Amino acid sequence: MPDTSARPEPQKITAMYERIFRSGAPLSKLKDAAFGGRLLSDTPEQDGLGVAGRSLAWKLFLIPTTPLTPPASQSPAKPLLESLEGRRKEYASLLLEKMRAPDGSYEENFSVPGVAQLPQQSDEASMNLQRNNPLSLHEDNPWKDWFAAVDLRKTIRQDVERTFPDHDYFRDAEVQVQLTNILYIYSVTHSDIGYRQGMHELLAPLYYSVDYDSLDPIESPDKEIVEFCSRTWVAADAWILFSEVMEDMSCWYEWREPTPPPMPASLQNQYRHGPPEGRLELKPYIAPIVLTCQRLQSQLLKAADPLLWQAMQKAGIEPQIYGIRWLRLLLTREFSLPDAMILWDGIFSCDSTFELVPWICVAMLIRIRNQLIPADYSGQLSVLLRYPPPMDIDPASPHHAILLLRQAFALYTSPNPSTGSSVAIENRNLLNIPLEVPEPQPSPVRTRRPATRVRSSTDVRKATGPSRTPQGQNISVKQSQSLQLGFPELARGLLEKGESLGINKTLMNAVSELRKNIPELASQFIGSPPPESSNYSSFPLVTERPPEERPPWEHRTRFEMEHDIADLRALQKKMGDAVGSAVDALLQDEGEERDAETIKRIRNRKREAIESLAYVRDLLKGTTTEVDEERLYGEEEYKRRRWPPTSQGGDIKQTSSPPPRPPEPAVPARPSLEHRRQKSSPPAQSLPSHPLSSLPRTPVIVQPQPELVSMKRVAHATTLPRQRSSSSQSLSNPTIESNTFRAPWNYTKSNFSTPTLNSATLPRPPPTSQSPVSMRSEAPPSYTNQMPVRQARKASNDPLGALP
Amino acid sequence: MAGEGTTSYDYLFKVVLIGDSGVGKSNLLSRFTRNEFNLDSKSTIGVEFATRTIQVDGKTVKAQIWDTAGQERYRAITSAYYRGAVGALLVYDIAKQSTFENVQRWLKELRDHADSNIVIMLVGNKSDLRHLRAVLTDQAQQFAEENHLSFMETSALDASNVELAFQSILTEIYRIVSAKSLENTVDPSIKPGESTTISVSTGEDQKKAGCCS
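If you read the sequences in order, they're chains A and B.
Each residue of the first sequence is one higher than the one before, counting from 1 in our numbering.
Each residue of the second sequence is one higher than the one before, counting from 1001 in our numbering.
Isolated chain A (complex conformation) (with noise of 0.2 Å):
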């Protein structure tokens, strides 16, 4: 033991003890004064850890007694006194048997407490040396327990030696010798967790309180505090205590799903131990303490501080990474070991014990906020693995662990963002931690690519307020990308002005479909990509990088997955302008009136448009991969398309939505009722007549028809649908929508709002007021019900002239 130099006074021991069980004070008076720190002194005596009287105060409130509560005439030391001295022997006994050798030996220097001689080896002749004997292979030998269980006390003998290196306390062979062998008693006694690493941590403070508090018989003359403060059974109360602890916290080191133990058959319906029914289904297991981990930031911290939370969603931070080691060793590494233990006194002095603790942790996230919300992936990682000490704190002001468990306290009883924010500016208030979350630190960039960071005052930010959203990467963007940002921008503002001025519907459709499609236009023509995606893997992805410099593990950056979205929503887009032209084809009137000439062109025309539906039928259902968009088109049409307008690149035709062409300019615009049903009939009777012996199937003719419809209204559709692309939704609700992804102009500021810049500067126009005009000059249009489209079109031009 070490010396006793390492003790306080014993004057103080037992004026500690006349303070908890002998000044009639109330338990509940007690836990109070423990919990706000006034039970024991904050400043630690000797060797910067000791404090009098702890371990009585956690003595008290961890070990149940019988009768719960003591009649109140009656010490309450009493019934805490002799629950000790049960467990007490119970622990001697445990020592006696598990460490017993098979043929009854003990290590060397082993003793028991209050075994003054240890049990003779047991020489008898009925030991079976066949099986009992150190040598022997017999299934049943003993010894291949007993060698495990060695293994098992050197695994542990290899944590206690490396327990809380920096106080020499822990350094004492004794004490290590002691540890260990509290920590192989409660292992084997908990054969479904056994010893895991971190309650060598747990105990170790444990034992050193038990054991700053023991009292020799002749130090002082009061036989009951030096009965229950005695020296001889120190190892015991800690063990005791861990026990206790470990009652509530075993569940956070469980690592297997727990097995119940066989018991007799008899005892099965009577009793039943291990994991309730519930517990048995057919579930993958998933480790309480990742529960508890995800419970701590996905719950507990979005009800307290849900900016936070949103920051550490979006970096990708497991809770699990942090929470474990938190939670397992009760914070004893994120503090100081003295501090770590004001937080026990306050954690142990609550009556649903470790309910607390994952409070404590959100409070202590709250504390961090400003490192962690500019902070990146390995920002937050690095504050949240290696806790930042505490600040020099005004002295009037309470301890901070202190100030840590109130603060968690007051989350515990009313979790919301209201209660949040006050811990913060408590934390403001006595420890200086501003409110302002700093900016971003410029993240980490490829070298090639230097970060410029374009601001402006754009409502989604104002929406936001002072205190900003936590915008955790800072993206690096080109200017390029900021422009093609800023094109949304433009239409929302534009949309807003019009509907202050009255604009109809109609045109606000058509300039909500602008903008809706321009992010996605946009990103097409300037080939930057669009930044990196949240929730993308648990590595945020810093940068956007040319494939071949990516590292493996951003297989696809979100830019290029777009691009394949964008590429399938062309393609789409043709087949609903093909199906549109060959429904088209079909429509046409086969009257008599007509002349032969005529009559035969219509014919071939349907012929074609058929064959365009079979093939449009086979790229749909993935036959065929390539697009051969003269066989998509059928040959006059795709003549007509070859030789878009001139004024356009081919990119530019193929994602502006041209409206499908009439293969023939001659059919009358039909009112869209008529047209819807006249749709079905007409052609489905004059098919048969048409040659088919092009076309792979006959069925095929016949099946089409329905599908038309609905084809032709996808087709028709895919014009507006564009924006369920994710991305445009979270304009028009920025700040919901920003929460589960980051959609480009939610967090890249534009600079659109400047008044210096309008449409004229933009890198291009807008192509899709553009495109209906040029065609409109080529092919009159046929279809009636593209016409509030195009008509919106054509008058979006006339706003984005004329509104400034």
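Rather than coming from a laboratory, the hints here were simulated on the basis of the structure.
Bear in mind that the values here come from a model prediction, so they are computed numbers and not experimental data.
Glycine included, C-beta positions come from ideal geometry on N, C-alpha and C.
There may be inaccurate statements among the hints.
Residues of chain B clear of chain A, computed beta-carbon distances all greater than 12 Å [as the list claims (entries may be wrong)]:
(1) L1012
(2) T1051
(3) K1062
(4) Q1064
(5) R1083
(6) L1107
(7) A1134
(8) L1136
(9) D1138
(10) Q1139
(11) F1143
(12) E1145
(13) L1164
(14) S1168
Cross-link-like lysine-lysine pairs, in silico, DSSO-like; alpha carbons within 30 Å at most [as the list claims (entries may be wrong)]:
(15) A:K29 <-> A:K223
(16) A:K223 <-> A:K78
(17) A:K12 <-> A:K89
(18) A:K98 <-> B:K1096
(19) B:K1096 <-> A:K154
(20) A:K78 <-> A:K31
(21) B:K1096 <-> B:K1059
(22) A:K89 <-> A:K31
(23) A:K12 <-> A:K223
(24) A:K98 <-> A:K12
(25) A:K89 <-> A:K154
(26) A:K98 <-> B:K1042
(27) A:K144 <-> B:K1096
(28) A:K154 <-> B:K1108
(29) A:K31 <-> A:K12
(30) B:K1096 <-> B:K1108
(31) B:K1042 <-> B:K1108
(32) A:K29 <-> A:K12
(33) A:K144 <-> B:K1108
(34) B:K1042 <-> A:K154
Starting from the known structure of chain A, arrange chain B on it as the hints suggest.
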């Protein structure tokens, strides 16, 4: 985060340290990232993490090195631990035969949880303990060859080969990654909590997603 975090880099590689408890993983980490060694360091609980930026072939490579508790094949954090890891240092203690015997189990762990193309280096640590050597260099070398691992003996205490070991695994990763790679087979919506497969295979050209039609 400050200092190291603000430097720019070309590549970011995640490398995990695995191996039995007490073989010196944490000290390898601290030796490499901070040039520190601590004879009695605390046992690792959960995860530790540190970064260091080095130069490989003129490129700046930021190594993000993860260290975990050896005792537990830490189920609770396995998926998070191995996710995205492109390299693993499988560490054993040359003075402790059992830690070498367990290498096989750690390899299985890697097979189960890490990407199949993860670059693995077998590291015999504590090479300063010559007088206590229990695992012969040749024996380990042979094992490494049989399992297609690279191999090196290090000492975090006297710093021998530590730098070299990390350098060479990072270089190997870099070669593979820059040699070209990227199979886009993985669902982009990786959710935390799932283990994912990431391919680092050298192989056919996958240059995709260039310009559309």
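Check each numbered hint from earlier against the structure, then list the numbers of those it violates in ascending order. 1, 2, 3, 4, 5, 21 and 24
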